[in-house]
Structure formats: structure tokens, C-alpha cells
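Let's have the full structure, built from the sequences with the hints guiding it.
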Amino acid sequence: QSNASLSHEDIAARESETQHKGEANAELDIRRSASPSSTHAVRGTSYDLTHALALSNRSIVVDQFQRRNPLLRYVRNVVITHSKNFLADYLLGPTTCALFLSLRYHLLHPEYIFNKVRDLGAFRFRLRVLLLLVDTPHNQNALEQLTKLALLAQLTLICTSSNREAARVLEMYKMLEKAPPDSIMI
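Counting in UniProt numbering, the final residue of the sequence shown is number 186, and the numbers go up one at a time with none missing.
Watch out, some of these pointers could steer you wrong.
[Stated by the list, open to error] EDC-like, lysine to aspartate or glutamate: derived pairs with alpha carbons at most 20 Å apart:
#, residue 1, residue 2
1, Lys148, Asp119
2, Lys148, Glu111
3, Lys116, Glu144
4, Lys84, Asp119
FYI, nobody ran anything at the bench for these hints, they're computed from the structure.
The following block contains the structure:
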């Protein structure tokens, strides 16, 4: 069933399934993965991560699986570099990464983000952002679940309402990467 053909009832039913589906096991896995001593099998090699981190000093490094993400059309103020086999969707700097998630995709594949966060737990990023595109109505249960995930996994949850806004968030993280704290304070 395509994303466009989901009715409000289908989405609400999937939210309910998502909330109850393995929530206890997912919490345990997330807590384990957030700890510095966690060791999970990962798809990337140390060379791939080192290479991606080197590239991230000059640009936003985009994982190959995000290559077709519509938000990339709106990234205009920083350079985009594509790489493969690193665990984050976007590397914004040597200590900053972002995972992107569409709420609609989450309702269809609730296990995706839990697996992604678990795998990311083996690496140490000082700032780990979960960039959430809120692209479906009737989403309170899913938002509560993702907020809980963000808290347990020590992620910064940023909710956006459009691809353009999500791209702007990525750009701002990259552009302000080396800014002193007093320059970004209000």
C-alpha cells in the first residue's frame, strides 16, 4: 500500500501498532546502545567512518541511502558530499551526526529507526540529532514514542514540517559548527 493511499484510520491503526510493537525490547536495546561500552555489529568499516569524518570538515556528508532524499534539493548554502558505509544519514562535523526520519515512513516501518539508533550507538558522537519530518496528521502516539526514543538514546529531536525546513536545519548545524557559544546565544 503506497504512502499516498493511507487513510486517516490506517495511519491511526499503524500508530497504535507502532506504540505497542516491541516497545519494551526496543527500550532495552536503545539504553544498551546509548552506553559508551556498547558493541553492535555495524555495516561500515573504520576506514569508511574515518574517510567520512575527514570529508565532514568541509561539507555535509550524506550517506548513500539518503542520496534521493527530497530535502537535499533545498540545501544550497553548504557543500554536499556523498559517501557510503557510515551509520548516520548525515555527518555535520567530526562530532555531530543526524538521522533523518519521515513520520509517514516510521508508521510503515517502525523498526527502522530503532535499528538505526542501536547501530549508531557503537560510535561516539557528541551531538546526535534525530531530524523528524512530520508529514502526516494524527501522529500523537508516534511523536510520543519518538520523543521517548530520543530521551533514552540521548538524541536531540528536531521536528520539521517540510523538506525545506529540514534542509535549513542541516545547513544551520553545519554553518554554526565552529561558532563560539556567545555568537549563537540570543
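*Against the structure, test the hints numbered earlier, and report the numbers of the ones violated in rising order.*
none
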